[in-house]
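Q: Same order as they appear, the protein sequences are chains A and B.
Here full-length UniProt numbering is used: the first residue of the first sequence is 1, the next is one more, and so on.
Here full-length UniProt numbering is used: the first residue of the second sequence is 1, the next is one more, and so on.
Worth double-checking, as some hints may not be accurate.
What the hints assert, rightly or not - In silico SDA-like pairs for lysine to any residue, Cα to Cα no more than 20 angstroms straight-line:
#1 K152(B) with D225(A)
#2 K87(B) with N226(A)
#3 K175(B) with A203(A)
#4 K175(B) with V211(A)
#5 K152(B) with V211(A)
#6 K87(B) with R221(A)
#7 K175(B) with D225(A)
#8 K152(B) with A203(A)
#9 K152(B) with I196(A)
#10 K175(B) with Q195(A)
#11 K87(B) with G162(A)
Derived from the structure by calculation, the hints contain no laboratory data.
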Amino acid sequence: MPELGTFLWTQCLRQIKSRVASPGEIANPLLFFLMVVALFPIGLGPDPDRLATLAPGILWVVALLSNLIVSGRLFAGDYEDGSLEQLALAPYPLALSALTEVLAHWLLSGVTLALVSPVFALLLNLPNGAIPTLVGSLVLGSLCLSLIGGIGAALTVGIRRGGLLLSLLIIPLYVPVLVFGTSAVVEAAAGGAPQIWLALLGAVAAGGLVVAPLAIGAGLRISLDN
Amino acid sequence: MWTIIHKMGSPPWFFRFAGTLIRWLLPAVVLLLVVGAVWGLLYAPPDYKQGNSYRIIFIHVPAAVVALAGYYVMAIAGAMSLIWKIKMADTAMRAVAPVGAALTFVALVTGAIWGKPTWGTWWVWDARITSMLILLFLYLGVLALFEAYENKAVAAKACAVLSLVGTVNIPIIYKSVDWWYSLHQPASIKFTGQSAIDASMLYPLLLMILAFYSLFAVAVLLNMRADLLQQHRNSAWLKEQLLEGN
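Use the sequences and the hints to build the structure in full.
A: So this is what it looks like as structure tokens:
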């Protein structure tokens, strides 16, 4: 029987490999992000100054929505092919194996989204000085979003057509992350110091890393009992 | 202490206990509501600035206070159900959710009605209003999750986890919204100083808060009894108790 560390490492690699194997699932949320961002100038009018003031909020809300959409599939693959049951039976804490899944998910959805976000920031005329903060806040923030989304996904994975339900469960929980994220970018765009907001995002991420796996593990066991 | 918790876990005992409790609480609720409402609406002096429109405070504040407390009651019941596997805690949690959601809704609507004459608008994205709106979403999420499961025992466990996660989140939501508001909105609109409320208005308000707490308790107990009636409709003990007039 491999040690816990080895086990978690192989789990993480397996998750990443299985996700990389279907590149569409990584690219589609980014396309969604691009298309929704493009809707805003069309709907609000192309005035660059107004777009610049709205850009932090728009970028963050759209990032949140695309995260919401992919969160629904977080445990779905493993649930359908039965690996989730094997993980629950394995002599390792389910909370930790579920955490590897969330982290793999975050690396391939949240971090990629953060890395391409400067392009979208240019489309909305966000001041250049705010772009590093945007990327940083999205990296930290999407970890928080994935952890929270993981809780919702764990609770709804056994329900058919749980997608909309998942949104109802986790949108209210996303609120602090949205507030901290947009505030950081707004602050940076105004030339201020965004560090406080980034620190708060980091605090939520650190707290989430401790608390969320427990809730995810409990949620998965409940869903498997169903 | 432990025997009481064990007893509470037994549906027949609880059904009888809730019945007795309601019989005592219900007259108290009616009395408190009537006295508090008459005192607040007719005898308390009008506000020097808002005139009579402030009187909605006697509904608005109690509803908001109890709605927030209700979420914690729900989460504590959820924790009891997860830790000790007490079935009655499941029933309690399920009974609290709709009552709490209704109270949150009442608080939001009365707030909007109060806002119109005072602030000149039905809705402001004020920090406290926003947190109440999110509280309503949290309640509705629990209700939606409960409805989604076929197996109600599993549903209760899932809702317990969700409400506990919500409890961790509520203070963070409250603080974050508070900071967001203070940074982004001009602080031109503020709640009238509630700590500086005069005794002539404070006493009826406290009375109404007490009335709403007992109303909440009665509604939850009634809800739990209705739930037990449905769950155990074929049990002999239920028939016996109903024939006894419980």
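Q: Okay, which hints does this one fail, numbers in order?
A: 5, 7, 8, 9 and 11
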